[in-house]
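S.K.: The chain contents come next:
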Amino acid sequence: MSGLIELTPFDLALAALLILANAAVSIALDLRLGRRLALAAIRAVVQLSLLGFLLERIFNAGGPLPVILMLVFMATLSGFEAVRRTTRRVRGITLVSTSVMLVTSLVIAFYGVHFVLEVDPWWKPQYIIPILGMILGNSLTGVALGLETTLEGFSRERDQVESLLAHGASRREASHDIVRRAVRTGTIPILNAMVAAGLISIPGMMTGQILAGEDPMSASRYQIFILFSITGAVALGTISVVTLASRLVFDERCRLRLDRVREVGGDN
Amino acid sequence: MSFFSSRDLTRRPWFADKSIALEAGEIAVLRGPTGSGKTVFMRALADLDPVDSGEVLLAGVERGTMSAPAWRRQVLYLRQRATALTPTVRADYERVLALKATESSTTELPTELPLDRATEQLSGGELQWLALERALLVGPKVLLLDEASSALDRESALRFEARVLAYVALGNAALWVAHDTELAGRIGAEELAFP
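Protein chains in written order, with the numbering used here: chain A, 2 to 269; chain B, 460 to 654.
For reference, chain B alone in the conformation it holds in the complex:
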């Protein structure tokens, strides 16, 4: 039994009977043409969009047996357009830590970005860093990365990838959608064709 898997997931007209499986510690890259519905699929995995049929399991547990917030905390979708939630970096971290579903009780905030920076002044790439660090604070088991480092420069993107790899190595998993054709080779991930 896989750590994270979808069985016959269908949402017409985008995808039908889509099954994927990831082991703990595994990362995979989802590749397919633009507009093929990769984002809809990732959102469906996180239960942010409805599906017509099929199921998604984490450690053998079907998501329907738990509340949607509990599921999303564990299967966390990082959207294409990173969005700040509050006026400052620190407040953004505190906002997600304050959510009822969050189980992490960390008091140490990530230092990748200055905590007192106004989120309004963050560049697209910095917002993507903010989104990653914020997501990791919640402690998800599965990261769904949708073009999550597309606005970063090369050097920064490599550090971003290393951060994700290190997190996955803790016994988590990640599914990554990226247009960068070299990503899979660079991080040593399997490529899954979509749809």
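Same shape as in the complex, but just chain A:
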């Protein structure tokens, strides 16, 4: 970490000028962006500072328990957040989303640190916490997109699904097209990220490592490892949540029960 340049509060204040300048432009042109910009910037500062503080405590605490608690907390929160981003919700979806998020992201993060990086002990927070964080950030998008596409599909294609059921289609046969489309939609962002990696953008993690003085070749290998982990988790999470959600809209006699789906405003 020889190349690491410490950022002082003064340095951050200089960076904040970029936000302030935009706020000033917004006020001058009456774009009404200023308030939202300021709020978002303040949230970012508070949240990241808290995260830094919390991580430091966990790093110094020693022992696996605080780390595990943090991992479970992060994954559960992502499960809730994925549901909160959707505009249609089927009864029981929050439980499905949180369980899927917990199982898929933790299994893949553990696989990554234990078998690929061979971190010893596996719970060493400086590895597993940021890796899980990156996995969750992407899983959340995939799961939310997959859920939204699934329930939107059943609402929009209700007539086709019911016609298929009326001809004796099983639940699987009647929902297969929708499931396939939802999985595809949910995994588009991460597939695009893999395709574009290194060409259009330098991924965030690699940027961070290079800034922190890491050798670029080593940073690129880390980036490949993390992209594969993320993609594995996104695909697994999206497939699981879409499959399970498409079961929730049917009852035990394989009837389409859209009365169990509720439309909400959606928070994004």
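Be careful, since some hints might not be right.
[Unchecked claim] Computed beta-carbon distance windows for the label pairs:
(1) B:T493 - A:A42: 32 to 42 Å
(2) B:S526 - A:R263: 50 to 60 Å
(3) B:G523 - A:G64: 52 to 62 Å
(4) A:V265 - B:S526: 29 to 39 Å
(5) B:E649 - A:F81: 50 to 60 Å
(6) A:E264 - B:Q580: 30 to 40 Å
(7) B:G583 - A:H177: 48 to 58 Å
(8) A:E264 - B:S478: 33 to 43 Å
(9) A:H177 - B:T493: 34 to 44 Å
(10) B:M460 - A:P190: 56 to 66 Å
I should point out that these hints are in silico values taken from the structure, not numbers from a laboratory.
Since the structure is predicted, the reported quantities are computational estimates derived from the model, not experimental observations.
Backbone N, C-alpha and C define an ideal beta-carbon position, used for all residues, glycine too.
Please build the complex by placing chain B on the supplied structure of chain A, with the hints as guidance.
M.R.: Frame of chain A; chain B shown alone:
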């Protein structure tokens, strides 16, 4: 014992203790005011909607003893708004033939509509023809027709009725909901009052 019957079928607030019975080869017309729940009743017979109580039997077998797909293949509900499943007429037929529950192994597709027609271009009446032919491919024992020929012109509707009558005459049964007051007389069917 009847070929197809419902016993005390109840789904509040639409209908209560509704019993009907059809013999093999029989067709009946269900008549009642708009909004009285005829569609809910027909859907309940096909197990597409839940009921509060009561049972439905086919050839003496209660539907609860078989899987829902197996039941619906035999007691097939043709919805009011005919819907295409795929982009072409041929693909629509093949789609239902490919379902696991379908037992028919016919390779001859119906020729009422050109097989390569895009379903997107079908008129409402043509879609209803498509729905009927598609349903018959599955080989149901009971047809539940919910305003299934409402968009057809007179001449076409008569052919549609003849098609249904011929199918029922093979030892099947049909229950028909229609606003056309002359339908029952024309096809010689009994009228059942609903609810």
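S.K.: Confirm or reject each hint.
M.R.: A quick look at each hint next to the structure:
1. The beta-carbon spacing between T493 (chain B) and A42 (chain A), approximately 59 Å, falls outside the hinted interval of 32 to 42 Å.
2. Checked against the hint of 50 to 60 Å, the C-beta distance between S526 (chain B) and R263 (chain A) comes to roughly 29 Å, which is inconsistent with it.
3. In this structure, G523 (chain B) and G64 (chain A) meet the distance hint of 52 to 62 Å, their C-beta atoms being roughly 56 Å apart.
4. In this structure the supplied range 29 to 39 Å holds for V265 (chain A) paired with S526 (chain B), their Cβ-Cβ distance being about 34 Å.
5. Taking 50 to 60 Å as the suggested C-beta distance range, the pair E649 (chain B) and F81 (chain A) conforms, at roughly 57 Å.
6. Restraint check, E264 (chain A) to Q580 (chain B): a C-beta distance of roughly 32 Å satisfies the suggested window 30 to 40 Å.
7. For the hinted restraint 48 to 58 Å between G583 (chain B) and H177 (chain A), the CB-CB distance of approximately 28 Å leaves it violated.
8. Distance hint check for E264 (chain A) and S478 (chain B): the Cβ-Cβ separation is about 38 Å, which falls inside the suggested range of 33 to 43 Å.
9. Judged by the Cβ atoms, the range 34 to 44 Å given for H177 (chain A) and T493 (chain B) holds: they are separated by roughly 36 Å.
10. Judged by the Cβ atoms, the range 56 to 66 Å given for M460 (chain B) and P190 (chain A) holds: they are separated by roughly 60 Å.
The structure shown violates the earlier hints numbered 1, 2, 7.
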